Amino acid sequence: MICVVEQTESFACWLAGLKDLRAKVAVGRRLERAAMGNLGDFKALGGGISELRVDVAAGYRIYFTRKENRLIVLLVGGDKSSQAADILKARKLAKELK
Numbered sequence: 005m006i007c008v009v010e011q012t013e014s015f016a017c018w019l020a021g022l023k024d025l026r027a028k029v030a031v032g033r034r035l036e037r038a039a040m041g042n043l044g045d046f047k048a049l050g051g052g053i054s055e056l057r058v059d060v061a062a063g064y065r066i067y068f069t070r071k072e073n074r075l076i077v078l079l080v081g082g083d084k085s086s087q088a089a090d091i092l093k094a095r096k097l098a099k100e101l102k
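Counting in the working numbering, the sequence shown runs from 5 upward without gaps.
The hints are simulated quantities; they were obtained by calculation from the structure and are not laboratory data. Just so it is clear, the structure is predicted and the values come from calculations on it, not from any experiment. One thing to keep in mind: the hints can contain errors.
Stated by the list, open to error - Ranges between beta-carbon positions, derived for each pair:
no. : residue 1 : residue 2 : range
1   : 5         : 61        : 28 to 34 Å
2   : 39        : 13        : 15 to 21 Å
3   : 51        : 10        : 14 to 20 Å
4   : 72        : 42        : 30 to 36 Å
5   : 16        : 37        : 14 to 20 Å
6   : 73        : 36        : 26 to 32 Å
7   : 26        : 72        : 30 to 36 Å
8   : 26        : 102       : 33 to 39 Å
9   : 74        : 23        : 18 to 24 Å
10  : 61        : 16        : 16 to 22 Å
Unchecked claim - Subject to a maximum C-alpha distance of 30 Å in a straight line, what follows is the list of computed DSS-like cross-link-like pairs (lysine-lysine):
no. : residue 1 : residue 2
11  : 23        : 47
12  : 102       : 71
13  : 28        : 99
14  : 102       : 47
15  : 84        : 71
16  : 99        : 47
17  : 28        : 96
18  : 84        : 28
19  : 96        : 47
20  : 23        : 96
21  : 84        : 47
22  : 71        : 47
23  : 93        : 47
24  : 71        : 28
25  : 93        : 71
26  : 102       : 28
27  : 102       : 84
Cβ atoms here follow ideal geometry from the backbone N, Cα and C, with glycine treated the same way.
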């Protein structure tokens, strides 16, 4: 199943600002797999928000929600150190999308 993957401005800014090239490549590969329907290592956080884990360097996280059957909206990205704040921001963005 192929999914459409959309990015919020917040996510796009985070990804563009990611300085670790190895992490940026790993995130890109992870998003390619998600677009093919393979979410891999992810966790539902409740409230329609889920977290993709990218186990490179700082332990990056990508927060997303699903719309319809085939659309994944990337809300926020971050690492383990900003996880709590990132989840709050992702929940807020998800509510704004509804």
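Status of each hint after checking the structure:
Between residue 5 and residue 61 the beta carbons are some 30 Å apart, a value that agrees with the proposed interval 28 to 34 Å. A beta carbon spacing of about 19 Å between residue 39 and residue 13 agrees with the range 15 to 21 Å that was offered as a hint. Evaluation of the 14 to 20 Å hint for residue 51 and residue 10 yields a pass: the beta carbon distance comes to about 19 Å. Separation of residue 72 from residue 42 is about 18 Å and departs from the stated range, judged on CB atoms against 30 to 36 Å.
Between residue 16 and residue 37 the Cβ separation comes to about 19 Å, which falls inside the hinted range of 14 to 20 Å. Checking the proposed 26 to 32 Å range against residue 73 and residue 36 shows it is violated: the Cβ atoms sit about 20 Å from each other. For residue 26 and residue 72, the hinted distance range of 30 to 36 Å is satisfied, since their beta carbons lie about 33 Å from each other. Between residue 26 and residue 102 the Cβ separation comes to about 35 Å, which falls inside the hinted range of 33 to 39 Å.
For the pair residue 74 and residue 23, the beta carbons lie near 32 Å from each other, so the given range of 18 to 24 Å is not met. In this structure the supplied range 16 to 22 Å holds for residue 61 paired with residue 16, their Cβ-Cβ distance being about 20 Å. Taking the CA atoms of residue 23 and residue 47, the gap is about 25 Å. The hint holds against a cut of 30 Å. Of the pairs offered as hints, the one joining residue 102 and residue 71 holds, with about 9 Å between alpha carbons and a cut-off of 30 Å not exceeded.
At roughly 27 Å between alpha-carbon atoms, residue 28 and residue 99 fall within 30 Å of each other, so this suggested pair holds. A hinted pair counts as satisfied when its Cα atoms are at most 30 Å apart, and residue 102 with residue 47 qualifies at roughly 21 Å. With a CA separation close to 26 Å, the supplied pair residue 84 and residue 71 stays within the 30 Å bound. Our distance criterion of 30 Å between C-alpha atoms is met by residue 99 and residue 47, whose separation comes to about 19 Å.
In summary, the hint linking residue 28 to residue 96 is supported, as the alpha carbons are separated by about 25 Å, within the 30 Å threshold. As the CA atoms of residue 84 and residue 28 are separated by approximately 16 Å, the hinted pair is consistent with the 30 Å bound. For the proposed pair residue 96 and residue 47, the alpha carbon gap of about 18 Å is at most 30 Å, so the pair holds. Among the hinted pairs, residue 23 with residue 96 is consistent with the structure: their alpha-carbon atoms are about 26 Å apart, no more than 30 Å.
With a C-alpha separation of about 14 Å, the suggested pair residue 84 and residue 47 falls inside the 30 Å cut-off, and the hint holds. Under the criterion of a C-alpha separation no larger than 30 Å, the hint pairing residue 71 with residue 47 is consistent with the structure, at around 17 Å. For the suggested pair residue 93 and residue 47, the alpha carbons sit about 17 Å apart, so the restraint of at most 30 Å is met. For the hint pairing residue 71 with residue 28, the CA-to-CA distance comes to about 25 Å; that is within 30 Å, so the pair holds.
Of the supplied pair hints, the one linking residue 93 and residue 71 holds, its CA atoms being roughly 18 Å apart against a limit of 30 Å. For the hint pairing residue 102 with residue 28, the CA-to-CA distance comes to about 29 Å; that is within 30 Å, so the pair holds. Between residue 102 and residue 84, the direct Cα distance comes to roughly 27 Å. Compliance with the 30 Å bound is thereby established for this hinted pair.
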